[in-house]
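Here are the chains, one letter per residue:
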Amino acid sequence: MNSNFPPVRSNILVVDDTPANLRLLTELLSQHGHDVRPALNGTLALTAAQMMPPDLILLDIMMPDLDGYEVCEQLKANDRTRHIPVIFISALDNPKDKVRAFEVGGVDYIPKPFQKEEILARVENQLRLLRANTALQESEERFRAVFANAGIGICILREDGGIVETNPAFEKFIGYHRQELGQLNLLDLTYPEDGEGDRDRFMALWAGEGESYQIEKRYIRANGEIVWGRSTTCAVKKGGRVQFAFGLIEDITERQAALRKRKEAEEALKASEAEMRAIFAAMTDAVIVRDRQGNCLKVAPTKTARASERPEMQLGKTLHEVLPQDTADRLHHAIQQTLEQRETTNIEYNISGDRGEIWLDGRLSPLSEDTVVWVARDISERKLMEQKLRSNEAEIRGIFEAMTEIVLVVDREQENIQVMPTSYARFNEEGNLTIDATLDNFFGDKPQPAFWLAIQDAITQQQTIAFEYSLDVNEKQIWFAASISALSEQAAIWVARDISDRVRAEMKLQQLNDELEYRVQERTQQLQQANTTLQAEINDRIQTEIELAKSEERFRLAVDNIPDIFAIYDRHLQYQFANTRALEVWQKTPKAMLGQTDRELFPNDSVQTYLPLLENAARSRSRQTQECTFRIANGEERTFIMSYVPLLDGEGEIYQILGIAYDISDRKRSERALQEAKEQLQAVLDAVPGFISWIGLSEENSLQYLGANRQLAQAFQMSPNAFIHKPLGFFQQGKNFVEFVEAFFHSNDTTIAQTLSLEWERQQREYLIVAQKYQQERAAVFVGIDITARVEAQKQLQRAYRRSQLLSELTLKIRQSLDLEEILQTAVLEVQQLLHADRVFIWQWQSGRDGIARQEAVLPGLTKVCGLTLQISTPETVSPPDFQPGNFWTIDDLSSSPTAIALPSELHFCAQLVVPIFIQEKTWGALIVHQCYAPHHWQSDEIELLTSLADQIGIAVSQAQLLDRLEDMVAERTGELQATNEQLQTEIIERSRAEEALRESEKQLRRTIEHSAYGIVVCDRAGIICFFNAAAKQIFGRDEQQLLGFHLGMPITSQQKCELSILRQDGTSCIAEMRAGTITWEGDASAYLISLVDITERKAVEQMKDEFISVASHELRTPLTSIRGSLGLLATGRLGKFEERGQQMLDIAINNTDRLTRLLNDILDLERIESGKVKIVKQHCNGITLMVQAAEAMQVMAEQAEIGLCLKCDLRPFWLRDTDLEENPYLESPPTMMIWADPDQILQTLTNLISNAIKFSNPHSMVGIGIIPQQEQILFEVKDCGRGIPKDKLESIFGRFQQVDASDSREKGGTGLGLPICREIIQRHQGKMWVESTVGEGSSFYFTLPLPPP
Amino acid sequence: MTQAKTTQPKMTQAKMTRKHLLLIDCEEDRRYVTQMGLELMTDWKIWVAHSYSEGFNLAQNQKPHAILVNLTSLEANPLEILQQLLAHPATQHIPIILTLDRLRRTDQQHFNQLGVAGAIAQPYDCTNLGEQIADFLNWEREFPSSNLRLKRG
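So the sequences go chain by chain: A and B.
Under the numbering used here, the letters of the first sequence match residues 1 to 1350, in that order.
Under the numbering used here, the letters of the second sequence match residues 10001 to 10153, in that order.
By construction, these hints were calculated from the structure, which means they are not laboratory data.
Careful: at least some of the hints might be erroneous.
Stated by the list, open to error - Cβ-to-Cβ under 8 Å is the rule here; a few derived chain A residues that face chain B:
1) Q535
2) T1121
3) N1161
4) L1164
Unchecked claim - Derived coverage of chain B by chain A (criterion: at least 3 residues anywhere in the stretch with Cβ under 8 Å from a Cβ of chain A; other residues may be distant):
5) 10092 to 10098
6) 10119 to 10132
Stated by the list, open to error - Here are a few chain A residues that sit away from chain B, every Cβ distance over 12 Å (derived from the structure):
7) F102
8) E138
9) E196
10) A265
11) F400
12) N416
13) S670
14) E759
15) V783
16) G848
17) L1116
18) K1137
19) Q1241
20) R1319
Since we're looking at a predicted model, the values are computed, not measured.
Each residue gets a CB set at the ideal place from its N, CA and C atoms; glycine is no exception.
Can you build the whole structure from these sequences, using the hints too?
Okay, here's the thing in structure tokens:
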């Protein structure tokens, strides 16, 4: 194994058809760390190589099918396998074969039999070769990659400069394709001007001079553009000979551009320099460049330079040459400093020029290592100013020095205090100490706020503040007066002057003062002693004064305590004094009042009431008094009597006015209360319904009125005041009263109550007089109450009592007798006596208004009426039969009576009373009372008495009459009873007979019922069966025990026929038709009689019939369709023409077929409707819509018959849409008239009726179709103007096949079933259908339909 | 429903197709008369079925433009054929016209709901049966022999 290569596993494909060989080779190579893939033949080998190309193939030549050569050829023919080295292994050891092996591309040839070692060595050799090859290839690839990807353009050149190869960077740089470049010479691509040098140097390089050269030159790109490139051309030598050269070309176009830019910048710089020059020209400063030694190297062309010839600006001269020594030294030093520190240095210096000394401000900046720029500005003016300022300061300093005060400058922030250099210290030995002490107060351990405050004030107010303070210096107190002024916004000047001397002087003064005081005190004491003695002397005097004062005090007390308001005004009407009461009233303090006027003190409305009085008093200087009412302080209104008394001095002038106000409010109030009480009393007295008067003894002892109440006064039409002081009896009140009063006054009684009868308006009236004495019995009050009515009532009561007494006596008398005449006689006599009547009679009614006077009691001399026939004198409207109990008629005075009362002319009277007499509420007569001499007012008790009496008379008369008639009546009654008895007897016999018949009849009836074919059942209201017959038993299929007393078990509907199916006990069933009606059964009026018919068979037959009709109708219809169809087709003539008669026959056949069809349809319809097969589906539908639809359906038929259809809605006509009328009164939206019906069937009914109407109408007439809403239904009408229907047919036309005229069915094409169908339909809608008709005029068919349910 | 076909312009319609009508009727005479009537009065091709089953087969195979079915047969269940025709995909789009014993308005509504184009009560008039059918189907009707024009609408 070769150790040069690391043991790399190689992939080796071994191909051999001999398995032993194959295995051997495989094992051998595997042992040496190779991946070996064996292949048994050439085809497999090719496939394996194709699948995964091996590193090496060991290939046997001799193989069946595909030998090694062919395999190798195929491998080499394929790109994928071409590079794989193939080692042939073969037993053929012929040179020809070996040549063949190499020809086909083998790399080695190993003859068989082979040695293992040989195999391995050859294989390893091949593999090594393969690896070296691969490494080389990789290296080349790397270089090529570098070449291809280098950013720098590379080209390989021939000796003549022809381009051999280029890389993409170069291609990109030069803009030619690789292929184009192969034809070009690099020198041709060089810009002609730059070409020559390059060519020479290139030639030299080839000649062997040097290794490389570099040149910057321009190239011409393919597109003609010129680019800059830096070309480095290198020669590659081998054995001293140049093999080839390569050029590295770098694109420096951009760098060239940068260079150009730099040039431009330089130019700009130059321009800028020019600008600078211009600027310099405008500058006033001197700008000089000096070197280290101070040589003037350059002077900038500034204004100064041009304008003046300044020594320092002389070119080439050093400073020392042009300036004085010291200035020059300074400036030189500045230059040195500037250069060393490389910083700008400022220096001020002066030079003497033509125009005197000039101050300059020099500004030195380092320009280079050894030069500086020197900018000098003329600052002479400023300098001058400064000098002046400096002299000013000196002045101030002088001032300060002249000052002996302490001067401080204090800033506001309390930071800085400047002590001004005054000569204070110079004059004071302890000056500095003092200043320190002052400063201590500002900044010491205990700073004094007062100091700062003073400064603050001075600054903020910008005013001078004076401030005194003391300092303790060396145990000496020094006083200062400081004057602080604001210096600026921030600082103040503090000028403190030593005022210790002044202060000291003041203190001394104080001391003196104290001394004086002491002496004064001493003196005072002496004086006081003297005084005391003096005091004693004047004590007496004082005593007198006190007395005086006391007196005044008393006065004041007196004034204060009087309840009146008391005030003293001065002459200006201002209060001088006010007493307590006044203060109280006004609620003021004396202080508040004194010296003020009323107007100032009190509200205006109060003041106004009394002030005029005061003013009046002042003006007139006389006392003024008046009552004033005003509101006082507490809001109370009070009344005062105000008096103002002016007090005049000796000269008659006012010096004071006394004001006194006497409060009379309470008095006023009580006066008012008294007045009110009086009025109240008066009102009470006035209200008393009696006469009240006060009478008293006058001074002359005569009686006189003191007063009277309104009642009394008004009764005599006088005012109550008119009575006062009038003598008793001054008006005509009657002697009785005067006497009564006089007697009362004479008596000792203090009270009295007595009834007096006094004449009053010519009427005697009764009064109850009550009197009471007062004022020591010198006066008395008299109250008179009218009791006339009461007295009268008592009297009447007495009279009534007496009369009732009489009545009972009279009644007794009347009752005691049964003789009528006697009774009547008694009655009239008693009445005459009782009533003091002039005439009393009893009148018995006969007829009309006539009657006879039966009895009378009359005063002698008057006309007698007894036995006479008289007319009753009652109002004409009331005749005797109409008299009612309680009636009576009175005439008080005939002469003034209405004439309406009929009077018997022969009778004279003045007053009359008529009371009717009844017997059993029937008028019998009347009791009549007359007063013949004077009118008489009939009192109610009189009338009552008489009425009662009349009743009694009535009773008595009837009793008497009864007695008279009793026997007659008994006889009559007996007769009557006998007759009745006989009649009854007869009746009983008849009844018995009838009963017999009835029984017989019932028996028969029962038999009939029992044997009736109808089942008869009677049940009570609850349905319990009471009776049944045999037929019923059969229908029910039950016997007696199972029926009687059982419940019928089915609903009973009275008067209605209904069908029911009954299930019998044996399981059979039957259908029964039931009718029920109420009967009275054995007393029960609400029992039901039920009749039952077994209709089972009938039903079966009916059903059969229905089915038959249904089937028949269908069965008939089918041939009919064929017949109709055939006939129709024949009639078209397409199947051959008929002669005229044949055509006629055909028409007949068609007509009859059609009729037959209609008949069939109708029969089927009727059957279906009747049998209920057609369900009536009721719904809400609009009757008008149905009507319109029906009319539209019949329109064609109507037109053919030349008949108009007229629709009417609630009697208003409207037309169909199609009707050709110019004015179309068709209702755009006919109103809705909802009905509850099956619209289909109603439509059928309507069309049927309309169709009938058209059929029976004459041409050019109208058929009216109307709809009329009614109370609980809708009425439809179809009206024609046809021939009409006879009365006897009005009902029968609704029967089946019942036409008015038998010929109609043929002529009109009707089936005779239309109307029955219609009626059936309507009846099933709970409606009714009928016809009204007049023969010759037309018919109207009506039907009704119910309204929809709510 | 009734408007199963839209009306084409007259000329093209007339030239393009001749209408095919399938007549299903179990009663022989009636069927013959009906067929003859339709053939005489229209230019349609009439297919004839003698029974409902035959009719159903013919309807599926011939795809007529319309089917006229008589529903009055008592032997077979007439409604069955109707349901078959209406349900089968091959026939359900073909308009159907029925002939019935008696036609009421409610019946007509009922059939319309089922999807029947029209219904005619028998006995019908063979001479204008074609016109009635055309009317139901909105077919162009030009029957020179008939001067009776029904008003519709």
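Now for the hints, and whether the structure bears them out:
Because the smallest distance between the Cβ of A/Q535 and any Cβ of chain B comes to about 149 Å, over 8 Å, the interface hint for this residue is violated. Checking A/T1121 against chain B by beta carbon gives a least distance of about 4 Å; that is within 8 Å, so the hint holds. The criterion of a C-beta within 8 Å of any C-beta in chain B is met by A/N1161, whose closest approach is roughly 6 Å, and the hint holds. The closest approach between the C-beta of A/L1164 and any C-beta of chain B is roughly 6 Å, which is under the 8 Å cut-off, so the hint is satisfied.
For the stretch 10092 to 10098 of chain B, the proposed coverage by chain A is not satisfied: 0 residues have a C-beta within less than 8 Å of a C-beta in that chain, short of the threshold of three. A count of 6 residues in the stretch 10119 to 10132 of chain B with a Cβ less than 8 Å from any Cβ of chain A is obtained; the coverage claim is therefore met, three being the minimum. Annotated as non-interface, A/F102 keeps its C-beta farther than 12 Å from every C-beta of chain B; the closest such distance is 83 Å. Here A/E138 stays apart from chain B, with its beta-carbon at least about 77 Å from theirs, past the 12 Å limit.
For A/E196, the non-interface assignment is confirmed: its Cβ lies about 96 Å from the closest Cβ of chain B, beyond the 12 Å cut-off. Non-interface call for A/A265 relative to chain B: holds, since the shortest CB-CB distance, roughly 92 Å, exceeds 12 Å. For A/F400, the shortest C-beta to C-beta distance to chain B comes to about 130 Å, beyond the 12 Å cut-off, and the non-interface label holds. The non-interface label for A/N416 is consistent with chain B: the shortest C-beta to C-beta separation is roughly 116 Å, beyond 12 Å.
Distance to chain B confirms A/S670 as a non-interface residue, since its nearest Cβ pair spans about 112 Å, more than 12 Å. Residue placement check: A/E759 keeps its beta carbon more than 12 Å from all beta carbons of chain B (closest about 114 Å). Against chain B, the non-interface label of A/V783 holds: every CB pair exceeds 12 Å, the least being about 110 Å. Residue-level check passed: A/G848 sits 88 Å from the nearest beta carbon of chain B, beyond 12 Å.
Distance check for A/L1116 against chain B: the nearest CB is about 10 Å away, which does not clear 12 Å, and the non-interface claim fails. Every CB of chain B is more than 12 Å from the CB of A/K1137 (nearest about 14 Å), matching its label as outside the interface. With a closest Cβ-Cβ approach of about 9 Å to chain B, A/Q1241 is found to fall inside the 12 Å limit, against its non-interface label. The Cβ of A/R1319 lies farther than 12 Å from every Cβ of chain B, with a closest approach of about 19 Å, so its non-interface assignment holds.
Checked against the numbered hints given earlier, this structure breaks hints 1, 5, 17, 19; the rest are met.
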